[in-house]
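From first to last, the protein sequence lines stand for chains A and B. Take 1 as the starting number for the first sequence in UniProt numbering and just add one per residue. Take 1 as the starting number for the second sequence in UniProt numbering and just add one per residue.
Hints are computed from structural coordinates only; laboratory data are not their basis. Backbone N, C-alpha and C define an ideal beta-carbon position, used for all residues, glycine too. Hints should not be assumed to be uniformly reliable.
[Unchecked claim] When the alpha-carbon atoms are kept at most 30 Å apart in a straight line, the in silico DSBU-like pairs for lysine-lysine are as follows:
| no. | chain 1 | residue 1 | chain 2 | residue 2 |
| --- | --- | --- | --- | --- |
| 1 | A | Lys9 | A | Lys53 |
| 2 | A | Lys130 | A | Lys90 |
| 3 | B | Lys148 | B | Lys176 |
| 4 | A | Lys83 | B | Lys71 |
| 5 | A | Lys87 | B | Lys71 |
| 6 | A | Lys9 | B | Lys34 |
| 7 | A | Lys90 | A | Lys53 |
| 8 | B | Lys69 | A | Lys141 |
| 9 | B | Lys26 | A | Lys146 |
| 10 | B | Lys148 | B | Lys229 |
[Claimed, not checked] Covered stretches of chain A, as calculated for chain B (at least 3 residues, CB under 8 Å):
| no. | region |
| --- | --- |
| 11 | 9 to 16 |
| 12 | 47 to 57 |
| 13 | 78 to 91 |
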Amino acid sequence: MHLDVLISKFQQKDEKAFGELYHMYGDSMHGVIYNIVRDHTIAEEVMQDVFIKAWNNANSYSAEKGRFFTWILNIARNAAIDKTRSKAFKNSRKNLDAEYFVDILQHSDNLDNQTDAIGIKKFVSQLAKKCIEVIELLYFKGFTQKEASETLDMPIGTIKTRNRNCIKELRTIVLK
Amino acid sequence: MDINAYIASGILELYVAGALSEDDNKDVYQLMRKHPEILQEVLEIEAAIIELTAATSNNKSTAILQSIKDKLTFTPSDTQTKIITITKPKYNWLTYTGWAAAIIIGAGLFWTLNQNKTLESNLNTVETENTFLEEQISISRAELADSKELLDFLRDKNIISVPLGGQGEFANSYAKVYWNQEDNRIYLDAQGLPEAPSGKVYQVWSLKLDPLTPTSLGTIDDFNTDDNKIFAIANAYNSEAFGITLEPEGGSETPTMDQLYTLGMVSAPAP
Numbered sequence: 001m002h003l004d005v006l007i008s009k010f011q012q013k014d015e016k017a018f019g020e021l022y023h024m025y026g027d028s029m030h031g032v033i034y035n036i037v038r039d040h041t042i043a044e045e046v047m048q049d050v051f052i053k054a055w056n057n058a059n060s061y062s063a064e065k066g067r068f069f070t071w072i073l074n075i076a077r078n079a080a081i082d083k084t085r086s087k088a089f090k091n092s093r094k095n096l097d098a099e100y101f102v103d104i105l106q107h108s109d110n111l112d113n114q115t116d117a118i119g120i121k122k123f124v125s126q127l128a129k130k131c132i133e134v135i136e137l138l139y140f141k142g143f144t145q146k147e148a149s150e151t152l153d154m155p156i157g158t159i160k161t162r163n164r165n166c167i168k169e170l171r172t173i174v175l176k
Numbered sequence: 001m002d003i004n005a006y007i008a009s010g011i012l013e014l015y016v017a018g019a020l021s022e023d024d025n026k027d028v029y030q031l032m033r034k035h036p037e038i039l040q041e042v043l044e045i046e047a048a049i050i051e052l053t054a055a056t057s058n059n060k061s062t063a064i065l066q067s068i069k070d071k072l073t074f075t076p077s078d079t080q081t082k083i084i085t086i087t088k089p090k091y092n093w094l095t096y097t098g099w100a101a102a103i104i105i106g107a108g109l110f111w112t113l114n115q116n117k118t119l120e121s122n123l124n125t126v127e128t129e130n131t132f133l134e135e136q137i138s139i140s141r142a143e144l145a146d147s148k149e150l151l152d153f154l155r156d157k158n159i160i161s162v163p164l165g166g167q168g169e170f171a172n173s174y175a176k177v178y179w180n181q182e183d184n185r186i187y188l189d190a191q192g193l194p195e196a197p198s199g200k201v202y203q204v205w206s207l208k209l210d211p212l213t214p215t216s217l218g219t220i221d222d223f224n225t226d227d228n229k230i231f232a233i234a235n236a237y238n239s240e241a242f243g244i245t246l247e248p249e250g251g252s253e254t255p256t257m258d259q260l261y262t263l264g265m266v267s268a269p270a271p
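Could you build the full structure based on these sequences and the hints that come with them?
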């Protein structure tokens with residue numbers, strides 16, 4: 001089914017459309033959320049919050065504003081970051097700032113029997129730190145280009161080209 | 001516009017990341033629609049990011065799907081609608097039949113009660129009419145008996161018939177006296193007299209002619225109300241003539257001559 005039709009059906013509260021969109025983006029959202037909260041139970045809670053919120057606010061999405069993936073990615077990142085700011089979360093977990101998504105990939109045994117994941121693991125191991133940093137901030141944390149530029153202390157133009165090159169490299173690995 | 005330079009700028013990677021402003025997003029959207037190469041580039045970037053992010057998930061999301069679905073309200077599917085349409089008529093059929101039966105029985109009872117009342121009322125009316133008819137019959141019988149008695153009286157061989165002619169200004173009035181001298185009774189047929197005015201009564205007189213001596217036989221108090229205007233009066237006198245005058249209520253000692261309505265002689269003098 002064409003993505004536009006699928007989204008339109010999802011906006012009309014169609015269960016099948018919801019199922020398909022979840023199948024397309026569920027793992028990705030869970031990965032982003034888990035990378036932020038680093039706890040499976042909390043990640044599951046946030047997943048529920050994210051998809052219920054997406055369901056209830058489905059009509060606020062329009063293609064003009066951006067990709068559907070980007071729309072739901074924003075909801076997921078915001079919900080996960082909100083969770084890390086809650087008092088209960090802060091009391092149980094302290095030093096998350098130093099961790100990057102690559103840690104999960106490097107310490108995961110589940111990835112071994114998946115071709116793409118093997119490729120990603122290999123890719124990640126080859127990635128320069130500058131790529132890991134910029135991908136982490138722009139995709140996993142949802143920084144704007146200006147925020148990323150300030151955090152990494154480099155001009156926006158440099159962020160753009162560096163990110164472009166990193167993603168280009170990623171594409172050659174996962175989309176072959 | 002140089003499409004390749006635009007793609008190479010890295011703006012599309014930021015577009016997928018959601019790192020651009022709203023205005024930039026709109027520009028990219030318009031260009032994607034115009035240039036399929038740009039759209040293709042965006043789709044590939046998006047696919048790569050989805051792969052990368054999903055790799056950090058450990059494939060947990062499928063297990064979570066059901067717990068999410070449980071909390072959502074979906075548009076009712078066709079199967080549920082079908083169940084409703086099948087069960088509803090059954091329910092309605094029974095209910096409506098039940099109600100219809102109750103209403104019919106109720107209406108029937110009401111009709112029967114009403115019918116009973118009407119019949120009782122009709123019976124009462126008939127009974128009343130019956131009583132009334134019985135009375136009528138008894139009255140008729142009495143009248144018949146009277147008429148027979150009168151007829152027997154008139155057919156008696158000893159009867160003397162005395163016509164009374166109208167007098168003076170009452171020339172149009174008349175009367176007739178039937179006299180049975182054997183039992184000293186007369187029957188006065190006064191049909192030819194007008195109704196007595198209020199406060200006045202007719203008085204009947206027996207007359208001796210030489211010298212003229214009137215003797216009162218009494219007043220006819222019920223003249224106006226009597227139907228056949230035939231009155232039975234006792235008469236023990238040897239009358240030579242009969243006269244009728246109009247007198248004040250209660251009658252008079254002597255006849256008021258200017259109110260003499262009728263007068264008639266007995267043709268065959270008493271033996």
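Practice problem: Sort out which numbered hints this structure fails and list those numbers smallest first. | Solution: 13
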